[in-house]
Amino acid sequence: MTDQVSTTVFAPAPPPIASTVAPVPTVLEKRPFNVDRLTSLLYPMVTFAFLLVLWEGSVTLFKVPSYMFPHIMPVVRELVDGFVGGSLLPHLAYTLESTVVGYLIGCSFAVVLGAVLAESRTFEKFFYPFIVALQSTPKVAVAPLIMLWCGYGIASKIAMVSMMCFFPLFVNTVIGIRQTDPAMINMMRAFSAPGWLIFFRVKLFAAAGSIFAGLQIAMVFALIGAVVGEFVASSEGLGWLIQSAMANFNTSLMFACIITLIALGLVGTAIVRIAHRKVVFWDRSAGSGGGH
Amino acid sequence: MNALSAAAPVSTDSSRAFAGGRHGTRADSILSVDAMSVVYQSSRGPISAVSNLNMRMKAGEFVSILGPSGCGKSTLLNVLAGLQQATSGSVSLFGQRMHGQPHRDTGIVFQRPTLLPWLTVEENILVPIDAMRFKKADYAHRAGELLKLVALEKFAKHYPDELSGGMQQRVSIARAMVHNPGLLLMDEPFAALDAMTRERMSVELQDILRKTEQSVLFITHSIPEAVLLSDRVLMMSPSPGRFIEEVAVELPRPRTLDTMATAQFADLCGRLRKLYNH
Numbered sequence: 001m002t003d004q005v006s007t008t009v010f011a012p013a014p015p016p017i018a019s020t021v022a023p024v025p026t027v028l029e030k031r032p033f034n035v036d037r038l039t040s041l042l043y044p045m046v047t048f049a050f051l052l053v054l055w056e057g058s059v060t061l062f063k064v065p066s067y068m069f070p071h072i073m074p075v076v077r078e079l080v081d082g083f084v085g086g087s088l089l090p091h092l093a094y095t096l097e098s099t100v101v102g103y104l105i106g107c108s109f110a111v112v113l114g115a116v117l118a119e120s121r122t123f124e125k126f127f128y129p130f131i132v133a134l135q136s137t138p139k140v141a142v143a144p145l146i147m148l149w150c151g152y153g154i155a156s157k158i159a160m161v162s163m164m165c166f167f168p169l170f171v172n173t174v175i176g177i178r179q180t181d182p183a184m185i186n187m188m189r190a191f192s193a194p195g196w197l198i199f200f201r202v203k204l205f206a207a208a209g210s211i212f213a214g215l216q217i218a219m220v221f222a223l224i225g226a227v228v229g230e231f232v233a234s235s236e237g238l239g240w241l242i243q244s245a246m247a248n249f250n251t252s253l254m255f256a257c258i259i260t261l262i263a264l265g266l267v268g269t270a271i272v273r274i275a276h277r278k279v280v281f282w283d284r285s286a287g288s289g290g291g292h
Numbered sequence: 001m002n003a004l005s006a007a008a009p010v011s012t013d014s015s016r017a018f019a020g021g022r023h024g025t026r027a028d029s030i031l032s033v034d035a036m037s038v039v040y041q042s043s044r045g046p047i048s049a050v051s052n053l054n055m056r057m058k059a060g061e062f063v064s065i066l067g068p069s070g071c072g073k074s075t076l077l078n079v080l081a082g083l084q085q086a087t088s089g090s091v092s093l094f095g096q097r098m099h100g101q102p103h104r105d106t107g108i109v110f111q112r113p114t115l116l117p118w119l120t121v122e123e124n125i126l127v128p129i130d131a132m133r134f135k136k137a138d139y140a141h142r143a144g145e146l147l148k149l150v151a152l153e154k155f156a157k158h159y160p161d162e163l164s165g166g167m168q169q170r171v172s173i174a175r176a177m178v179h180n181p182g183l184l185l186m187d188e189p190f191a192a193l194d195a196m197t198r199e200r201m202s203v204e205l206q207d208i209l210r211k212t213e214q215s216v217l218f219i220t221h222s223i224p225e226a227v228l229l230s231d232r233v234l235m236m237s238p239s240p241g242r243f244i245e246e247v248a249v250e251l252p253r254p255r256t257l258d259t260m261a262t263a264q265f266a267d268l269c270g271r272l273r274k275l276y277n278h
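Protein sequences, first through last, are from chains A and B.
Residue numbering for the first sequence follows our numbering, beginning at 1 and increasing consecutively.
Residue numbering for the second sequence follows our numbering, beginning at 1 and increasing consecutively.
With the rest of the complex left out, here is chain A:
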């Protein structure tokens, strides 16, 4: 998965679970997590500084033409102009809108249909082969068709994002529900719980960790969907801006857009990770790594 690096490298140490309740003798290790957090930020900063030096150094040393690879300063200028001057903002807003709306739609479908498939053998028998086939289809290949069906406006981008989000979360939902500890289900049955109650009180909670891991992967896929949608047919958005900048050999602007997209991805996954830790509070490994 493409998000593997981003989620594991930037994952802060999980806070001690028991911090909200009174201390108990049996509560396990309490980490001095502020110190951990500082040092864990320090290492990647060193790497980042090194990469910047390497970038600027090689571009200067090997006299790389700026339409191939820009210097740092022009990129920074594009970013400042774009955000302070505001030229990037409408594009950012456009991409953000299609990403967020598409993400919400795609993820809702994924969780609901995933739950139905995990719970209904009949549904599984009828649809499973098709879902496998769809899953192995490169979704990007369908992008032009979606543009054709949904038009060149934002609807087609939202559709694209929804489709991209759907599969990773769908699969994680099914797996999460199926992985519920059979002992818990047995226990509920022994106490006469009806099936629907077992689903809402046990399986959904048991699957929460897996669902959040899927939400994290889906966040990265959502951005891919939005950008690809804009590549294929658009007149707005960061993806479209990258393409039009390429036509003008404006490499600095392309870099500025890519950096903005990276930031979007990081913020998005961070929000999901925080939600993961808050919601699935009983899972000690919660939010420490997205797509496992």
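Source of the hints: derived by calculation from the structure; they are not laboratory data.
Everything hinted at is true.
Simulated coverage check for chain B against chain A, where a stretch passes if three residues somewhere in it have a Cβ under 8 Å from a Cβ of chain A:
hint, segment
1, 73 to 86
2, 112 to 119
3, 124 to 136
Partial list, computed: chain B residues near chain A (C-beta under 10 Å):
hint, residue
4, Q101
5, P102
6, H103
7, T106
8, G107
9, I108
10, Y159
11, P160
12, D161
13, S172
14, R175
15, A176
16, H179
17, L185
No residue lacks a Cβ here, since even glycine has one placed at the ideal position from N, Cα and C.
Assemble the complex: chain A is given as a structure, and chain B must be docked to it using the hints.
Chain B in isolation, oriented as in the chain A frame:
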């Protein structure tokens, strides 16, 4: 160290009143198993798990089913819990014949505590109430009483992963008793605990039960555990599981760890051990 000695005693009267006199007179048998057999179908043909089991239990009794691993004692318990159906014969709980459906007047304790990690101790104890679609508010007081009974009232708002294995198992015992079941089914409840905790839990379980007159069917493979806790021990032989001997334990109660040092105790254990090794 007995944590339960500090617990406020739950009055027998109030807990019996809770039962609403459902169980009739004490002489009635609350459980009867008649010629019960369970046969599994496998790729190599049918496998008989338990064969022709017969037993009765009276209210207030503590009966242990003792047998080696794989003798089918868990199969018997699954049938009694309504998780599985007998292939032939019949099982009746409180005079009602079982048809592979859990009886609401039983509570079950498994080998592992199987608590829900996203619920607090108190909420976990109320899980059966929720499962049976009763009003949780009506049982909040009962849950508090049980927490006291298992000496965990300070941990009501804690989550299971903050408790030790023995404490978690005490929560699961309280959970099994929350709807005041006429029969408590216990499937090797201390088997997953370390030897020291295990002995202490046996003594604590006795204390809990002494205050409630709870009827218990206890599955175990430990001879001393069976002798220490039971009024009667039913010995099971493996493949297929059959009852081969019934031993009445007439040691005076309350039994403590000191009871385990008496000659009478050693004698009973010796008798059962001989059967075990045949």
